[in-house]
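Visitor: Converting from the sequence shown to the numbering used here requires adding 20 to each position, the first position being numbered 1.
Hints may be right or wrong, so weigh each one.
What the hints assert, rightly or not - Under the rule of at most 30 Å between Cα atoms (straight-line distance), these lysine-lysine pairs were calculated in the DSSO-like manner:
| # | residue 1 | residue 2 |
| --- | --- | --- |
| 1 | K133 | K214 |
| 2 | K70 | K214 |
| 3 | K71 | K248 |
Said to hold, decoys possible - Computed spacing ranges between beta-carbons, pair by pair:
| # | residue 1 | residue 2 | range |
| --- | --- | --- | --- |
| 4 | K279 | L136 | 38 to 44 Å |
| 5 | L36 | V276 | 30 to 36 Å |
| 6 | D209 | F118 | 34 to 40 Å |
| 7 | F257 | L122 | 37 to 43 Å |
| 8 | G134 | A64 | 51 to 57 Å |
| 9 | T175 | L37 | 37 to 43 Å |
Keep in mind that the hints were calculated from the coordinates and are not lab data.
All C-beta atoms in this analysis are idealised placements derived from N, C-alpha and C, irrespective of residue type, glycine included.
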Amino acid sequence: MLASRRRIKMHVNWGLLVVLYLFIAGMAGGIYFTTAMYEFFNGAINEKMKKGYLYAFFLLIIAVVLLILDLERPARFMHMMFAYKFFSPMSMGSWGLFFFGLNAFITISINSKGALKPLGELFLKFLPYKAYILVGSALAIFLSAYTGVLLSETTITIWASTPFLGSLFLISGVSCGVCFLMLLNKDNDDFIKKGKMLDNMCLILELTIILFFVLALTIGYGPYPEIKNLFSGLYGFLFIGLGVVVGAILPILMNVFGKISLASPVLVLIGAFFLRYAIVFAGQIK
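Generate coordinates for the entire structure from the input sequences, incorporating the hints supplied.
Guide: Structure, rendered in C-alpha cells:
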C-alpha cells in the first residue's frame, strides 16, 4: 500500500528528450565517480584526467536543460525543488541534481589554476579535498541510480514491477563514465589498463542484472505480456542487438581477447544509449 502511494500518479508520455536525459545524467555521474575513485586511490593525477570533473559538470548542465525542455516550463523544475516532497522521486531527483552539480563545481574550483582558484581555497578551509570527492562520489552514485529508480516509480508495468532498473542504470552509468574517460585519455596507459578491467566488471554485472530484470518480468513478478515488446520488432533489436550484444557482450570479448582498442568504449556508449531507448519506449506500448 505504501509503495503504491509513492508511485507517480500521472500519465507518462516520455520521449527522446527523457532518454537523452537518462543517458547523459547517468554518464555524468559515472564520469565523476570514476575520476574521483581513480584520484582517491592513485593520489596525484594529471590535469587531463582531472578534467573528468569538468566533463561531468557540463554534462549535468546538458541533462538539466533536457529535463527542463521535456517539462516545457522552467518553473516546473523549480517547483519540484522547492515544493519538496520526501517520497516524490521527481523532487528527490531535482535536489540530487542540484547537490551533485554544486559538489562538482566545488571540485572544479579546488582544482582550478585560474579565476576560480580563490574560491577553491575558500572551500578547502571547511573540508579537506578528499572529503569533497568522496561526497561527490556518493552523489554521483545517487544520480546514476536515480535515473533508473525514476522509471520504477511510475505506473508503467515493466518499469514499476521490477526492482532492478536502479542498479542496472547505476552500473551502466559507471561503465559509460569509464568508457568516456578512456576515449579522452587514450594516452594514459595506466588508466586505460585499469579502466578496461573496471569496464569488464561493470559489463558482466550489467548482463547479470539484465538477466534478473528479464526473469523478474517473466517468471518472478509476472509474467507480464508487455515484456514481449523488449524482445520483438524494433525495440527487441535495440534492446538485445544493440543494448546487450553490441553494448556489452562484444566489448567484453574485445577487452579479453583483443588488443586495447577505442572501438570497445564506443560500442559500450552506443549500447548504453539504446538500452535506455528500448526500455523507455517499449515500456510505454500498450
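Visitor: Each hint should be assessed against the structure and marked as holding or not.
Guide: Status of each hint after checking the structure:
no., hint, in the structure
1, K133 to K214, "28 Å, holds"
2, K70 to K214, "16 Å, holds"
3, K71 to K248, "42 Å, violated"
4, K279 to L136: 38 to 44 Å, "40 Å, holds"
5, L36 to V276: 30 to 36 Å, "34 Å, holds"
6, D209 to F118: 34 to 40 Å, "37 Å, holds"
7, F257 to L122: 37 to 43 Å, "40 Å, holds"
8, G134 to A64: 51 to 57 Å, "19 Å, violated"
9, T175 to L37: 37 to 43 Å, "20 Å, violated"
The structure shown violates the earlier hints numbered 3, 8, 9.
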